[in-house]
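Peer 1: Sequence:
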Amino acid sequence: MRVTDQQILEAIKKVLSEDTIIHSQKELLEKVKNKLSINKEIQVSAERIRKVAKRYGVKVQVHSRKGKEIKICPFCGKDLQNIMSQDLFGRATTIGKMCKNCRFEIGLGRSPARYIFRR
Numbered sequence: 000m001r002v003t004d005q006q007i008l009e010a011i012k013k014v015l016s017e018d019t020i021i022h023s024q025k026e027l028l029e030k031v032k033n034k035l036s037i038n039k040e041i042q043v044s045a046e047r048i049r050k051v052a053k054r055y056g057v058k059v060q061v062h063s064r065k066g067k068e069i070k071i072c073p074f075c076g077k078d079l080q081n082i083m084s085q086d087l088f089g090r091a092t093t094i095g096k097m098c099k100n101c102r103f104e105i106g107l108g109r110s111p112a113r114y115i116f117r118r
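The sequence shown stops at residue 118 when you use numbering that gives the first Met the number 0, and every number in between is there.
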């Protein structure tokens, strides 16, 4: 059975009312599944919980690490645009990536490593 975004959001709100900070996406997934565990057939992914949380205004802090550069926003799925700057010689250089839709930013050559959720 597919869970609605509203049910996921209510479970996230209950979890964040008990704990002000959730230190990882996996921890949030486990706690939300426990809140939704009235029906054992309910399945929800960590990616969907992350996207619903961001879409409905939960504060999400992203810690990144050096790694494969991402091209798609982890929150809304849109393409990331280059953030351009000028160096001392006036040449344009790329310093990072940004999503025009949800304003997510990440440095060049970095990928998300940990998501921290706050009330």
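Simulated from the structure, these hints should not be mistaken for lab results.
Treat the numbers as computed from the prediction; the structure is a model and nothing was measured.
Heads up, a few of these hints could be off.
What the hints assert, rightly or not - FRET-style restraints, in silico, Cβ to Cβ: (1) Lys70 to Glu17: 32 to 38 Å; (2) Ile69 to Arg117: 18 to 24 Å; (3) Ser16 to Lys70: 31 to 37 Å.
Unchecked claim - DSS-like cross-link-like pairs, simulated, lysine-lysine; straight-line CA separation at most 30 Å: (4) Lys13 to Lys65; (5) Lys34 to Lys53; (6) Lys53 to Lys12; (7) Lys65 to Lys34; (8) Lys30 to Lys58; (9) Lys39 to Lys70; (10) Lys39 to Lys58; (11) Lys39 to Lys25; (12) Lys39 to Lys67; (13) Lys99 to Lys34; (14) Lys53 to Lys65; (15) Lys65 to Lys39.
We treat Cβ as the ideally placed atom computed from N, Cα and C, and that holds for glycine.
Peer 1: Would the pair Lys39 and Lys67 pass a check requiring their Cα atoms to be no farther apart than 30 Å?
Peer 2: Violated - the C-alpha atoms of Lys67 and Lys39 are around 36 Å apart, more than 30 Å.
Peer 1: Using the C-beta atoms of Lys70 and Glu17, is the stated range 32 to 38 Å upheld?
Peer 2: With Cβ atoms ~36 Å apart, the hint holds.
Peer 1: Verify the proposed pairing of Lys13 with Lys65, using a straight-line Cα cut of 30 Å.
Peer 2: Judged against 30 Å, a Cα distance of about 34 Å means the pair is violated.
Peer 1: Please test the hint of 18 to 24 Å on the beta carbon pair from Ile69 and Arg117.
Peer 2: Cβ of Ile69 to Cβ of Arg117: about 22 Å, so the range 18 to 24 Å holds.
Peer 1: Taken at face value, is the distance from the CA of Lys34 to the CA of Lys65 at most 30 Å?
Peer 2: violated (34 Å)
Peer 1: I want to verify a distance hint. Is the separation of the beta carbons of Ser16 and Lys70 within 31 to 37 Å?
Peer 2: The hinted range 31 to 37 Å holds for Ser16 and Lys70, with Cβ atoms some 36 Å apart.
Peer 1: Starting from Lys39, check that the Cα of Lys25 is at most 30 Å away, please.
Peer 2: Distance ~19 Å between Lys39 and Lys25 Cα, so the pair holds.
Peer 1: Please verify whether Lys53 and Lys65 have alpha carbons no more than 30 Å apart.
Peer 2: holds (23 Å)
Peer 1: Take the C-alpha atoms of Lys34 and Lys53, compute the straight-line distance between them, and say whether it is at most 30 Å.
Peer 2: holds (19 Å)
Peer 1: Given the hinted pair Lys99 and Lys34, is their alpha-carbon gap at most 30 Å?
Peer 2: Not satisfied, since the Cα-Cα distance of roughly 33 Å exceeds 30 Å.
Peer 1: Could you grab the alpha-carbon distance between Lys65 and Lys39 and see if it respects the 30 Å cut-off?
Peer 2: violated (38 Å)
Peer 1: Does Lys39 pair with Lys70 here, judged by a C-alpha cut-off of 30 Å?
Peer 2: violated (36 Å)
The structure does not agree with the numbered hints 4, 7, 9, 12, 13, 15 stated previously, though it agrees with the rest.
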